[in-house]
Amino acid sequence: MSTAYEPVIGLEIHVQLGTRTKMFCGCELSFGDPPNTHTCPVCLGMPGTLPTINREAVRLGLMIGMALGGELDDRLVFHRKSYFYPDLPKGYQISQFDRPLVSGGSLGDVRLERVHLEEDAAKLTHLGESGRIGGSTASVVDYNRGGTPLAEIVTRPDIHSAEQASSWLRLLRETLRQLGVSDVNMEEGSLRCDANISIRPVGTDGLGTKTELKNMNSFRFIEQGINAEVARQTRIVQDGGRVEQETLHFDPRSGSITSLRSKEGSHDYRYFPEPDLPPVAVPTELFDLARAAIPELPLDREARYVDVHGLNDESARLLAFRRELGDYYEATVAAAGATPDGEAAPDGVTRPAEPADDPADTRRQIANWIGNDLVRRLTAEDADDDAAGDPQASKVTPQALAALVALVRAKSITRKAGGQVLDALVAEGGEPAAIVERDGLAAIGGGDELRPVVQAALDANPDVVEKLRSGNMKPIGVIVGAVMKETRGRADAGAVTQLAREILGL
Amino acid sequence: MIDRDTVRHVAALSRLELHDDEVEPMARELSAVLGHIETIAELDLDGVAPTTDVVVARSGLRPDEPHVSLTRDAAVDQAPDASDDGFRVPSPQA
Amino acid sequence: MTDPTTLSAVDQVAALRAGDLDAAGLFAAYRERAAADDTNSFTWLADGPDDAAAAVPDGARARSVDGPEPTFDVPADDALSVRGLPVAVKDLFCVTGVPTASCSELLRGYRPPHTATAVARLQAGGATVLGKTNQDEFAMGSSNENSAFGAVLNPWDRTRVPGGSSGGSAAAVAAGLAPVALGTDTGGSVRQPAALCGVVGLKPTYGSVSRFGMIAFASSLDQAGVLARDVRDAALVLAHLTGAADPRDSTSIGWQGDALGLPSADRLDGLRIGVPTDLLGEGIDPGVRASFDAALRTAEELGASIVEITLPHARHALAAYYVIAPAEASSNLARFDGVRYGNRAAADDLVSLYTRTRHDGFGPEVRRRIMLGTFALSAGYYDAYYGRAQQVRTKVVEDFATAHEQVDLIATPTSPTVAWGLGERTDDPWAMYRADVMTLPQSLAGVPAISIPCGLDDGLPVGLQLSGPAFGEPRILDAAHALERAIGFDGTPPRSGRTGEGGAGGADATSGGGAA
Ligand SMILES: [Mg+2]
Ligand SMILES: [Zn+2]
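Protein chains in written order, with my numbering: chain A, 22 to 527; chain B, 2 to 95; chain C, 2 to 517.
Hints may be right or wrong, so weigh each one.
To be verified - SDA-like, lysine to any residue: derived pairs with alpha carbons at most 20 Å apart: (1) K144/A - D78/B; (2) K144/A - A28/B; (3) K144/A - D350/C; (4) K144/A - T7/B.
What the hints contain is simulated information worked out from the structure, not anything from laboratory work.
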C-alpha cells in the first residue's frame, strides 16, 4: 500500500519597488533602455563608493508591512550577503538579515514570515549559439537593473497545492498593485517568485527536506513547476530515496527540472552588519506617510461587497480584485442611486433625484452587467492582458450604464435588447434612451401589442399547439423563438409564455 | 589550528587561487595570528552587546531624486573587456 | 627671497594671500623637489596645479539632475584659506581621471570617474593636488613595504621603514616634498608613520570626514587624516576636511564639535592628561619611553596634571582589530574581480577569472588578510571571532568613556619603537601588527588622536600620541600645539649620512614581499 503525500510550500517573492531611483544610489530605474546607461560609480561597485538608503523604498516597504498586518521595525539594519557572481558588482548584496523591516503578518489564509528590503542584481545575458544558459561561452553584464530596490516577501509554509500557490500569488500581486508600491509585472521581472517545496505523508506535521525552485515568471509556470517538483520528490521518496536540498530551475518548455547551482556554491553567505550603513531610526513621519497612503485592499473590499452590497462571492471577488472594475462599479451604483446607506458615493458622480427602488437588486444587476457583459466586450480586442478592459477608459459612462440597467429592470427593454444597447455604447458612447429610440429597441408593451403576434405564431404551428395542450410545455421555445424573430428581440420571453398559456386556456 | 583543508575552503570562499606551495605557509601564518587573537576567548563577555559602529550621530535617508548617471562609454571605460552590450565575462555555465 | 618650501603651510597661504608668493611658483617648487624624490614617496605627480582638476570628459561623472556638482562649505575665515596650497594625497583617494590604485597591482592604471569628498573639499577651498603618495596596498601594513609601487624609505634613515600605511604621505612631508598630505588611519596608519617620520599626524573623530571616494580597507574604522609639519598646518587642513555631512556617505555626520581654527595655546593650565599605565607595561623601547616621559614632564611644566588611568581592555584591542578589520576588508575587497575595472588575469572560465585575477592582483599581505577575514566570518566561526571581537570593541569604547570622566586627554607613545630596518619584520606578521598596539584602541573607539614628534632616540624620531573624546579635536590641537612649541623638535631630517644605499630609492626600491 503506498503512502499519500502532500506538498508543503512556502513562497519567496521579490518585488521591485516603484521608486524613481535605485535602492542605494540616485540612478533612475529603467526597463528596456540600452545596457549600462543607468549606472554610476556606486551601482558599478567602483572603489571608494558608498551606499545611501532611498527613503521612498523604506516608505513603500512600510506600506507593504502595514497592508499585510506585520510588525514594523523602527530601525533600519542592513547586512552584507556575500557571494561572487558577475551580476553582483560589490561581491555582496546589501540586504536585511536578522532585523527585517517587517516581521509576521498574513494575507488571506497564508501567514508571512517577513518582508525585507534589499537591492536587485544586474542582468547577465549569455551569448553564444543558443543565446541561453547552456552551451554559451561568454556573457555580458548590464548593470542598469543592478541596485533596483526590492522587497522580499517570505511566506510561512502554509501552501499545500500548486493551485493554491498561484491563486494566492494572484491575490498578493493585486494587493501590491492596489497599494501602488510596484507595477508587479511578472514578464518584466518586477515580481518574481521562488518556491520552497517539500512533501510529507498526509496527516503528519513534520517538514521534509525542501528544495528551492527559482524564478518562475508566470502563474502558469508556477503551477507547472510546483506540480513537476512535487511529482519528482514523490517519485524519489516512493522509490526509497532521499530528497536533497538544492536549488532548482524549471524549464517550462521541456517540463524538466534541473539543478541550478553546482555543489561548489555550498552557500556560506558570511552575513555581517553592513558597516557602511550604521543602523538608523526609521523617521516617524515615514510611518505616517505610509499609513495615509494605504487604500482599501482587495480582501477588505471583497468582504464589503458581500456583507454591505449584497453581491455574491464571485462578483465581489472579481470587482474587488480589479481595482478599476470596483471603482467603476461603485460609480455606477452611485449614478443609479443605489449606494448602500452609510456609504459615501465616490467623488464626481451625480446622484439621481430618486433613489433606486430596490437598491440591492440594482447593485447585483450592475455587478452582473459589468462583470459579464461589459468586461467581455472591452477585453475582446486586447485579450491576454489582465489590465485590459478598463471600463473607466471606455466610452460607457457610469451614468449610461446605470440608465441601461434601469431600463432593463423596468422591462422597458429586454435584457437581449440591453445587450444591443451596450454594444452601441461601447462603440460610440451616448445615452441608452436615445439609442433605444433610434434603433427601435423598446420592449413590446403589455398584452395589447404582443397578443396578436403570439396568436399568429400559435396559428402557424398547429403541431406545437397540440403538444402544449397535451401538457408537454417543452416546445414553447418554438413559439417564443418565432415571436422574438417577429419582434426583433423586443419581446419578453416570460410575457410570451404567459400570453400563449392564456390564449390556449392552460 | 587552521589546517590545509580549511585554508583551501576559505580560499575558495574568497575566490583566491592558492598555489600548492602557498597552502602550507598560509596555514602556518594564519594559525600563528589566530593563536594571538584567541586570547579574547578568555575574556568574560557574557551579556556584552556587540559594537558594530562608532558613529555618534545618525545620518538621514536619501531623497528619491535622480542624479545624472554615467554615460555608457564612461561606465565601461575602465573595463578589461567591454562589448557594445556591456561587461564581458566567461559564461558562468561554461 | 627664501625658499618657500621651508615655510609652514599656514605661512605659505598667508604669503600667497599677501601676494608675496605666487601659487604656480609654489607648486613648481614642490613639483621639482618631489620629482627628485629618493624616498619613493610618490606614485604619480601632477604636471601643474590644474592637472587633477582638469576638465573631465562629458558624462564621466555623476551629478545631481537639478544642479551641478555638490558644493562644499569652505571656511570663510581668511586665516583658514588653503587657496594655492599644494597637497599630496594618499593613493587610495579617488581623483577623477588621475591614476588611483591604492598601490595594488590589481588596480594599477585605474582612473576613477569620481573624486573623494576629502580631496574635493580641499579643491573647493583652492588647494591643488600635487601628486598621489605611496602606501601599503589597500592600507594594509605598518611599514609601507606592501606596495605594488615598492617600499618607501624613511627620510631620516633610508635603510629604515617610514611606517605605514600612509608611509608615502609621512615621508613626503618629512622630506619637504609637500607642505601637507592626506593620509588615512584605520588602526594607526596616519599616526604611526607620522611618529616614525618625525611629523604631525592627525586622525579625526570617526564620521567627521567623509569616506566617499576613499578606497575602503575597513569601513567602520577608516578615517581620513592629515600629515603635516606642525600642528597648526594639521588644523588648517582639518578645517577644510570637516563641515556639513556628506550625503554620499551614510557614516558621515558632519562636524559637531567646537569651531575649528588655528591653535594658539602655549599653556596647559588645568588640563588633565591620563596615562594608561596598563598599556605601557611591556614592549616599549627604553629610548621611546624616555622621550615620552620627558614630554609628560614638559606638559606638567606647562600646567597640566598627569593622571594615571587604566584602559583595561585596550591590550585586547590588537586581537579584536585583527578580526574586525580583516573581516570588513575581505568583504570590501570582494569587488575587485576583474570585471568592471582593474587588471584581469587570463582565464577561460568564470571561477578561474576570479581566483587568478585576485591571486595575481593582490599582494601576500592582502591575501593573508582576506583569508583571515573570510575565516572569521565563515559559518561556524563567526561567533567565536567576529562576534566576540565586536564585544571586545564595546568594552574598549566603555574604557575610553570611563577614562574621560577623569581626564581630558590620554597620552601614550604613538609607536612602541622607532623606525625599524627595511625587511626586519617581514617574516613575522604578529610582530608587524604589534607596531599599532598604542593606536588601535582609539581606532576601535572612533575617537580623535594626534601624533606629534617629542624627541629622538638614537637619531630617529619618537612620537607622542594625544587622544580625546569624540569631537575633542580643538582641545587636542591646542594641547599638541603648546607641547610642540615647548618641545621644540627640529623636524628636518639630516640630509647627509644614514642614507644606506643613497638616493637609489625610486620605483624599484625593495618589493613589498614578506609579511606585513
Ligand atoms: Mg533576496
Ligand atoms: Zn547608480
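Taking the hints in turn, this is what the structure says about them:
For the proposed pair K144/A and D78/B, the alpha carbon gap of about 19 Å is at most 20 Å, so the pair holds. As the CA atoms of K144/A and A28/B are separated by approximately 38 Å, the hinted pair breaks the 20 Å bound. About 19 Å separates the Cα atoms of K144/A and D350/C, which keeps this hinted pair within 20 Å; it holds. A hinted pair counts as satisfied when its Cα atoms are at most 20 Å apart, and K144/A with T7/B does not qualify at roughly 33 Å.
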